[in-house]
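One line per chain: the protein sequences are A and X, in this order. Here the first sequence stands for residues 1 to 348, where the numbers follow the UniProt record's numbering. Here the second sequence stands for residues 1 to 206, where the numbers follow the UniProt record's numbering.
Certain hints may be false.
[Said to hold, decoys possible] Straight-line alpha carbon distances no greater than 27 Å define the calculated BS3-like cross-link-like pairs of lysine-lysine that follow:
no.: 1; chain 1: A; residue 1: Lys146; chain 2: X; residue 2: Lys177
no.: 2; chain 1: A; residue 1: Lys307; chain 2: A; residue 2: Lys324
no.: 3; chain 1: X; residue 1: Lys146; chain 2: A; residue 2: Lys324
These aren't lab readings, by the way, just hints derived from the structure by calculation.
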Amino acid sequence: MTSFFQSLGMSYEGAWFTATIAGILLIALPLMLAVAMIIYAERKLWAAFALRRGPNVVGPFGVLQSFADGLKVFLQETIIPSASNRGLFLIAPIITFTVALMAWAVIPFADGVVLADINVGLLYILAISSLGVYGVVISGWASNSKYPFYSAMRAAAQMISYEVSIGFILICVVLWAGTFNMGGIIEAQKGHVLGFINAFALNPLLFPISVMFLISAMAETARAPFDLTEAESELVAGYQTEYSSMAFALFWLGEYANVLLMCALNAILFWGGWLPPVDWAPLYMVPGIIWFFTKILVMFFIFAWVKSTVPRYRYDQLMRLGWKIFLPISLFWVFLVSGYLMYTGHFA
Amino acid sequence: MIQVISFYLFASILIASAAMVIFARNPVHSVLWLIVAFFNAAGLMVLIGAEFIAMLLVIVYVGAVAVLFLFVVMMLDIDFTELRAGFVKNVPLGLLLAVILVAELILGIGAYRAGAVKLGIPEAGPATVSNSVPNIEAIGNLLYSKYIFLFESAGLILLVAMVGAIVLTHRRSHGTKGQNINSQNMRRPQDATRNVNQPVGQGVEL
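Just need the whole structure built from these sequences, with the hints factored in.
This is the structure in structure tokens:
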């Protein structure tokens, strides 16, 4: 895109700057639209799982429900509790929202369609997703209220726990792909299994960790069954208790942008990103972005499915799963995968 | 041009937020300023082309260490006025530490410049890194060949610290109830419930 702006007669730096801004807008604005639609889709899915109708009033089949909600929230008054820490109280939802958008910078949507094609793409994702906890922790503390504070403490412990095993899972993938670059990881999956299936997940050695990654992703985004941070039966609404209006909506948007990001990561790391599922020439006629979005939507369906069917974990079960099961298994898997790759001469 | 602007931006925010860590009245604010400082340091690392170090800085310090700081600081009930009262008393000690640290830095850099220090395999000079190799590969090649002993011993030191922390905190206390996960997982509906087909008009015998 830089060269396009250069052809309009701009200097390189000016063109680069304009191209980057345009790229950010091209990702962020559709993402917001996607979040609005995905919230509607998820509510419809939950309704279907519970044999209800779901939103069906605003617009045809209720598709405009999210926009109606957005408008309502926008017109509400922002209430700031008098005992709260005013500045941090307002910064917290902005942090959650911004961090959720930032990680999309390195996601490749199709071959070469990526805002920042950096060598350490996966590490960048890991770094950014580890920031997600700050929005929750700061909001919990700044609210100066009991339940949000409990929620913040839970969130801090939970996200650190699952990040550890996610890190080891990512190392297995990186060992096999031989690069931290997101596009490189996708390229490495071309014809990976039996020479024609484009997915790490169908490799017998990587399948178990792809399942573990899916579960860890749910825990990392604090989705059901791991939504202990906003468990309404124990903590009212968790860290969002004192929030209203746009601040609340920012948490909501950030959370769903994060969920979409985790779905996209699943698609990229284990299911071949923008590659078609099978390495067969006619399938490459379909643009890569369509394969990628299809994979994201399938992943999102799994997330919604789990959320509507699996009961919530107890907190000690959550911690046990993270530290006593996922951590040892993923650590062992790093040895297993690297041992296998050394044995078969993958690195030579 | 953009690089120069970003360098001065990162550097000035870094210094300002580092100062705010010390001057903030509330310890929670201090930790948050510390996070801002880490971030801008990572930005500086990116500017000199060390993107791997930058990402590690964010992952390790912002993602883990600062969260734990925040966790602890939020839980503590600190009396700020009492904390401030000790300030004047501790100034000489703090200044002394600062002077020692600066002296050590100067000594270290001076010795390195003089070429007297040889780390790792003795006869080799400073490691050369070409620009074409990605950061991670370059670091990996050096860590696992030239600096393997230093690297491994750093790992051992961390292991010792980890074991020490576990030994210090892991006490088996008496009289506390824990969850027995195995028995919970083995529990079946039949163990806890039973179906009673009770004739109408008679009470259930429990």
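**Asked** What hint numbers does the structure not satisfy?
**Response** 3
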